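Colleague: Listed below are the residues making up each chain.
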Amino acid sequence: MSILVGRDTRLLVQGITGREGAFHAQQMQAYGTNIVAGVTPGKGGQTALDGSVPVFDSCWRAIQETQADTSVIYVPAAGAPDAILEAVGAGIRTIFCITEHIPALDMLRVMPVVEAAGARLIGPNCPGATSPGRAKVGIIPGSIHREGNVGLVSRSGTLTYEVVLALTEAGIGQSTCVGIGGDPVIGSTFIDILELFRDDPETEALVLMGEIGGNAEESAARWKAEHLRDTPMVAFIAGRTAPPGRRMGHAGAIISGGSGSAADKIAALEGAGIRVADAPSEIPRLLMEAGVRPA
Amino acid sequence: MKIQEADAKSLLAAQGLPVPPWAVARTASDARASAERFFASGADKVVIKAQVLVGGRGKAGGVKLASDAAEAEQVATAILGMDISGITVRKVLVAPAADIVREVYLACVLDRGARRVLFMGAAQGGVEIEALAAEDEEAITYIHAHPHLGLLDYQARLLSFELGLEAHLKEAVAIAKGLYATMIANDADLVEVNPLAIVRERGADGSSVELLQCLDAKVTLDDSALHRHPGLEELRDLDEEDPVDIEARQQGISFIRLEGDIGCMVNGAGLAMATMDLVKRAGGQPANFLDIGGGARADKVAAAMRLILADPSVRAILVNIFGGIARGDEVARGLVEARAQQSRSVPMVVRIVGTNAELAAEIMSASGGIELATSLDDAVERAVAASRREPAST
Numbered sequence: 506m507s508i509l510v511g512r513d514t515r516l517l518v519q520g521i522t523g524r525e526g527a528f529h530a531q532q533m534q535a536y537g538t539n540i541v542a543g544v545t546p547g548k549g550g551q552t553a554l555d556g557s558v559p560v561f562d563s564c565w566r567a568i569q570e571t572q573a574d575t576s577v578i579y580v581p582a583a584g585a586p587d588a589i590l591e592a593v594g595a596g597i598r599t600i601f602c603i604t605e606h607i608p609a610l611d612m613l614r615v616m617p618v619v620e621a622a623g624a625r626l627i628g629p630n631c632p633g634a635t636s637p638g639r640a641k642v643g644i645i646p647g648s649i650h651r652e653g654n655v656g657l658v659s660r661s662g663t664l665t666y667e668v669v670l671a672l673t674e675a676g677i678g679q680s681t682c683v684g685i686g687g688d689p690v691i692g693s694t695f696i697d698i699l700e701l702f703r704d705d706p707e708t709e710a711l712v713l714m715g716e717i718g719g720n721a722e723e724s725a726a727r728w729k730a731e732h733l734r735d736t737p738m739v740a741f742i743a744g745r746t747a748p749p750g751r752r753m754g755h756a757g758a759i760i761s762g763g764s765g766s767a768a769d770k771i772a773a774l775e776g777a778g779i780r781v782a783d784a785p786s787e788i789p790r791l792l793m794e795a796g797v798r799p800a
Numbered sequence: 002m003k004i005q006e007a008d009a010k011s012l013l014a015a016q017g018l019p020v021p022p023w024a025v026a027r028t029a030s031d032a033r034a035s036a037e038r039f040f041a042s043g044a045d046k047v048v049i050k051a052q053v054l055v056g057g058r059g060k061a062g063g064v065k066l067a068s069d070a071a072e073a074e075q076v077a078t079a080i081l082g083m084d085i086s087g088i089t090v091r092k093v094l095v096a097p098a099a100d101i102v103r104e105v106y107l108a109c110v111l112d113r114g115a116r117r118v119l120f121m122g123a124a125q126g127g128v129e130i131e132a133l134a135a136e137d138e139e140a141i142t143y144i145h146a147h148p149h150l151g152l153l154d155y156q157a158r159l160l161s162f163e164l165g166l167e168a169h170l171k172e173a174v175a176i177a178k179g180l181y182a183t184m185i186a187n188d189a190d191l192v193e194v195n196p197l198a199i200v201r202e203r204g205a206d207g208s209s210v211e212l213l214q215c216l217d218a219k220v221t222l223d224d225s226a227l228h229r230h231p232g233l234e235e236l237r238d239l240d241e242e243d244p245v246d247i248e249a250r251q252q253g254i255s256f257i258r259l260e261g262d263i264g265c266m267v268n269g270a271g272l273a274m275a276t277m278d279l280v281k282r283a284g285g286q287p288a289n290f291l292d293i294g295g296g297a298r299a300d301k302v303a304a305a306m307r308l309i310l311a312d313p314s315v316r317a318i319l320v321n322i323f324g325g326i327a328r329g330d331e332v333a334r335g336l337v338e339a340r341a342q343q344s345r346s347v348p349m350v351v352r353i354v355g356t357n358a359e360l361a362a363e364i365m366s367a368s369g370g371i372e373l374a375t376s377l378d379d380a381v382e383r384a385v386a387a388s389r390r391e392p393a394s395t
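Top line first, the protein sequences correspond to chains H and V. Start counting the first sequence at 506; every next residue gets the next number (the numbering used here). Start counting the second sequence at 2; every next residue gets the next number (the numbering used here).
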């Protein structure tokens, strides 16, 4: 098993005819992901990916014709909130939004609709999720993965890839790797993803990649101590040496008012029995010390 | 984006909130002229406030009262040019000094965790809310606005009562809702009025009346939404921005200059921070934080290189690109191009993995002059070593 995406996933790509959408749809398909439909309003009737994927004008038509059950969004920021709402309205229950620079207040208005429908949104501004050997949804390079039993959840994009590669090179495979996104308002939190991993029999150990700003890591640490006491977990926090008060790219990555600092996060994680690595390359060793066996 | 107090007051006034008159002056004589106007219309005193985007201006001596026009000019002379937390004061706000009966705190802010707009109010105003929260958490009232319905009337009343504004209930409710309207109308992350004050004014018949006024205002805007508010971009204070920061923003690059000598170019904020952390751990000092963003194209890479080399203390450059949206070959082409145009010779250590990484390695090997690293740790080690080498004589 795995979480969020797998062999059963029937993927709909919103924005499949755009530059990023087309490139990553091709990469996802090459990885083995079952892409059943694309949506670009006004381009219904066309095909994508060398004729293998039909393009529809709306999510409704796409679902009607292809029974898509998961969506990934590569629509520019101005249209992305609407794309999320369209997917929810059409009945999709797992939505990945890759788009960055969506205004925070737009996301505030979108989220109650997502929640009321019982849908799950990952992102925005996230790299997606990969269940190695099964499916990848988003933009994480497929080649860096290896099948296995470590679940990974991260607030970062490229830093996630760095750690996945380190795990793979050390012979440690992954069940699913999930990037939840670096924006201030995101659909799924660390805890939402940890809950899914808790219920996945295949995931035997966890890696959590955090960064300065906010208090999501602290909340995750408390949750882990309470609900996942026996599962080995290793964490990394980016931004230990970042100067306070300056925004480091991610809207989330800012330390202000003495909260959200790397030191506070590391203390909370260690207090919950989670080992915190000094460098991404140390994570495989810490996992092995916690009992994870490389293939 | 942070904006100045005077601009924040304009945004509040545009939503119908009560803001006393003000003027902005760039010279002491302009400040004097504004003060004269306020004295002529009945002010007993004027307040002169440094306009800077950093906190603590009061403590730094950037806020002063004046009793007449001559004193206003003196005070403005002292404040203009003053250094507050590294920022030179280039303008002051002049306003009639209010006769304050009581001050309260009222703000609304984006609450990420709750995914709501959070109102915060305290019966004690004029102090820093963080300090108040640390001292007495109970002193602050928190109320979440509904994402679709906004701040409801009963919530605004509740806030007003908690702030002890019963005698001004109608005004207080309108102000609380006005804060929310300001937030929505401008896509703000924060709208803060501190202090919101009960002030005593002389009515038309000479009798004294008490009313609520927004004496200070702080608004920060969501950078991701600026494109749909073209008027707000004009509020960006270029006086307080480094030319390098301006170029970075225009190129869509996140760039923060730091003290060290190893220039860093990375894609992704998390990886950029982690790269800096590793440089420090290896005994080096990063010269900057630089996130080149998603889908880095060759021209953007060249721009990033210019930003890094604009800092004369840079002695080595570390490029760490993990391809996902960014394609390694495009980055490599940008690096080779930038290398050819480079004004001075600085050792460059490059590590590119992920999408099209093999192609990237071919492009860079063919060009020469670029040290290729095999892993992040290897790249950091090489860059730190390169920063310690004597520069090659040319």
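Because the hints were derived from the structure by calculation, they are not lab data. Just so you know, these numbers come straight off a predicted model, no measurement behind them. Just so it is clear, CB atoms sit at the ideal spot from N, CA and C, and this is done for glycine as well. Watch out, some of these pointers could steer you wrong.
[What the hints assert, rightly or not] Simulated pairs of lysine to aspartate or glutamate, DMTMM-like, Cα-Cα distance not exceeding 25 Å:
no., chain 1, residue 1, chain 2, residue 2
1, V, Lys65, H, Asp783
2, V, Lys46, H, Glu787
3, V, Lys3, V, Asp154
4, V, Lys301, H, Glu787
5, V, Lys281, H, Glu525
6, V, Lys178, H, Glu787
[What the hints assert, rightly or not] Pair by pair, the computed Cβ-Cβ distance ranges are:
no., chain 1, residue 1, chain 2, residue 2, range
7, H, Ser557, V, Ser368, 55 to 61 Å
8, V, Glu242, H, Ala622, 16 to 22 Å
9, H, Gly778, V, Leu170, 19 to 25 Å
10, H, Ala800, V, His149, 47 to 53 Å
11, H, Glu707, V, Gly114, 47 to 53 Å
12, V, Leu373, H, Gly676, 20 to 26 Å
13, H, Asn720, V, Leu170, 30 to 36 Å
14, H, Pro706, V, Pro231, 40 to 46 Å
15, H, Ala621, V, Glu235, 37 to 43 Å
16, H, Gln531, V, Arg307, 54 to 60 Å
17, H, Ala621, V, Ala124, 33 to 39 Å
18, H, Ala622, V, Gly114, 19 to 25 Å
Colleague: Take the hints in turn and mark each one as holding or not.
Modeller: Structure-based check of all given hints:
Between the alpha carbons of V/Lys65 and H/Asp783 the distance comes to roughly 48 Å, so the proposed pair goes past 25 Å and is violated. Straight-line distance between C-alpha atoms of V/Lys46 and H/Glu787 comes to about 63 Å, which puts the hinted pair past the 25 Å bound. With a CA separation close to 29 Å, the supplied pair V/Lys3 and V/Asp154 exceeds the 25 Å bound. Between V/Lys301 and H/Glu787 the CA atoms are separated by roughly 32 Å; this puts the pair beyond 25 Å, and the hint is violated.
Of the pairs offered as hints, the one joining V/Lys281 and H/Glu525 is violated, with about 35 Å between alpha carbons and a cut-off of 25 Å exceeded. Simply put, V/Lys178 and H/Glu787 have alpha-carbon atoms about 51 Å apart, too far for the 25 Å limit, and the pair is violated. In this structure the supplied range 55 to 61 Å is violated for H/Ser557 paired with V/Ser368, their Cβ-Cβ distance being about 38 Å. In this structure the supplied range 16 to 22 Å is violated for V/Glu242 paired with H/Ala622, their Cβ-Cβ distance being about 43 Å.
Checked against the given bound of 19 to 25 Å, the beta carbons of H/Gly778 and V/Leu170, roughly 51 Å apart, lie outside it. Distance hint for H/Ala800 and V/His149: a CB-CB separation of about 50 Å, consistent with the stated range 47 to 53 Å. Checked against the hint of 47 to 53 Å, the C-beta distance between H/Glu707 and V/Gly114 comes to roughly 30 Å, which is inconsistent with it. The supplied range of 20 to 26 Å is met by V/Leu373 and H/Gly676, whose beta-carbon atoms lie about 25 Å from each other.
Range check, H/Asn720 to V/Leu170: Cβ separation about 35 Å, and the 30 to 36 Å hint holds. Taking the beta carbon of each, H/Pro706 and V/Pro231 are about 54 Å apart, not inside 40 to 46 Å as hinted. A hinted range of 37 to 43 Å for the beta carbons of H/Ala621 and V/Glu235 is consistent with their spacing of about 39 Å. About 33 Å separates the C-beta atoms of H/Gln531 and V/Arg307, a value inconsistent with the hinted range of 54 to 60 Å.
For H/Ala621 paired with V/Ala124, a C-beta distance near 36 Å keeps the hint of 33 to 39 Å intact. Checked against the given bound of 19 to 25 Å, the beta carbons of H/Ala622 and V/Gly114, roughly 21 Å apart, stay inside it.
When the structure is compared with the earlier hints, violations turn up for hints 1, 2, 3, 4, 5, 6, 7, 8, 9, 11, 14, 16 and for no others.
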